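Protein chains in written order, with the working numbering: chain Y, 3 to 157; chain X, 160 to 318.
Treat the hints with caution; some may be incorrect.
Said to hold, decoys possible - Examples of chain X residues toward chain Y, derived with CB under 8 Å: (1) LEU167; (2) LEU178; (3) VAL183; (4) GLU199; (5) ILE255; (6) ALA299; (7) THR301.
To be verified - Residues of chain X placed beyond 12 Å of chain Y at every Cβ, according to the derived structure: (8) LEU176; (9) GLY179; (10) ALA180; (11) VAL182; (12) SER198; (13) LEU203; (14) GLY240; (15) ILE253; (16) ARG262; (17) THR279; (18) GLY286; (19) ILE295; (20) LEU308; (21) MET311.
Calculated directly from the structure, the hints in this document are not laboratory data.
None of the values given here were measured: they were computed from a predicted structure.
We put the beta carbon where it would ideally sit given N, CA and C, even for glycine.
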Amino acid sequence: MLGFLRPDAWELPLFLHVLGAVVLFGAVGSVLVLAAASLRRDARAAPLLRRIAFKTMLIAVWPSFILMRLTAEWIRSKEFPSGAQEPDWIGVGYVVGDGGVVVLLGLTLCAWLATRQKNADRARPATATIATGIAGFYLVALAVAWFAMSAKPGS
Amino acid sequence: MTTYDWLLFFHVSGAFLFLGAAVVAWVLGIAAALRDRPSEIALLMGLTRFAGIGFGLGTTLLLVFGIWLVIDLDVYDITDGWIVGALILFVLSIVIGGIGGGRDKRTRMLALRLADEGDTPSAELTGAVRDARALIYNIASTLAGFAVLALMIFKPGAS
């Protein structure tokens with residue numbers, strides 16, 4: 003039921019935008035699962051989980067974020083051409099989208115630093131804990147964005 | 160906000176949970192297929208239980224609020240071609256995904272057993288975790304899920 007009453011020309015950018023957002027949600031969810039699991043595993047298993055979390059950032063999170071963000075701009079240009087009044091819910095999308103660059107950079111940095119923690123005495127490095135928190139926070143932010151995009155409060 | 164807005168939000172939430180869970184399952188499945196040690200394969204495949212939670216919750220939200228939306232909106236009918244097609248593809252996605260998931264579960268059980276018996280790489284486990292038939296099931300299930308998303312947006316045949 004997505005895209006109720008939209009012109010045909012908006013459908014491809016909308017599909018690609020939602021596709022990117024859905025894959026981004028799943029990819030960040032994967033990082034959350036891996037990073038959180040690494041905090042509860044023995045010293046041998048934890049580094050493997052952290053390595054996979056970092057690779058997931060590079061292979062899945064960033065490409066899907068770029069797809070989501072570029073197609074967001076594409077559909078915005080069709081739905082609200084220059085000069086058209088933009089509703090408030092678009093602003094929520096910008097906060098989560100553009101603000102997401104900073105959040106994901108922080109998450110990538112923490113995930114990378116966590117992979118470099120080789121000290122077996124430190125089974126739960128702070129960077130892995132922070133990465134888990136950032137991933138959880140961004141999942142909530144994405145949920146707020148899809149609430150704004152679908153329910154369009156205030157419009 | 161109208162009833163339609165809320166129904167759409169919960170329906171979209173179902174789509175994010177269902178398809179997001181598929182991404183989680185793929186990330187963990189690919190990571191497991193690239194490992195040889197049974198304990199590592201068992202660990203990664205065991206984490207797919209979180210994807211299972213997403214599938215369950217997403218399926219419920221998608222179906223309940225999707226059908227509610229069709230009833231709430233006069234412009235669409237449950238017998239519209241694109242809605243029937245979406246329902247068929249969604250059921251196929253769940254059924255085929257269930258078959259693939261069953262094979263993955265057997266692979267995980269094998270990995271757990273081998274992990275307890277010395278945790279040395281085994282050709283049987285490597286073959287199971289990289290099984291082409293399970294891969295085909297999982298690809299087909301995922302494609303069917305994303306095809307539903309495409310139908311929801313493009314709505315072929317809708318006025």
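Structure-based check of all given hints:
1. LEU167: holds, 5 Å
2. LEU178: holds, 4 Å
3. VAL183: OK, holds: X/VAL183 within 8 Å of chain Y, min 5 Å.
4. GLU199: holds, 6 Å
5. ILE255: With a closest approach of 18 Å, the X/ILE255 hint is violated.
6. ALA299: violated, 18 Å
7. THR301: violated, 11 Å
8. LEU176: violated, 8 Å
9. GLY179: violated, 4 Å
10. ALA180: violated, 7 Å
11. VAL182: violated, 2 Å
12. SER198: violated, 7 Å
13. LEU203: violated, 8 Å
14. GLY240: The claim stands: X/GLY240 keeps its Cβ more than 12 Å from every Cβ of chain Y (closest is about 15 Å).
15. ILE253: holds, 17 Å
16. ARG262: holds, 21 Å
17. THR279: holds, 15 Å
18. GLY286: holds, 22 Å
19. ILE295: Nearest chain Y Cβ is 21 Å from X/ILE295, so the label holds.
20. LEU308: Per Cβ check, X/LEU308 is inside 12 Å of chain Y; nearest 7 Å; violated.
21. MET311: violated, 5 Å
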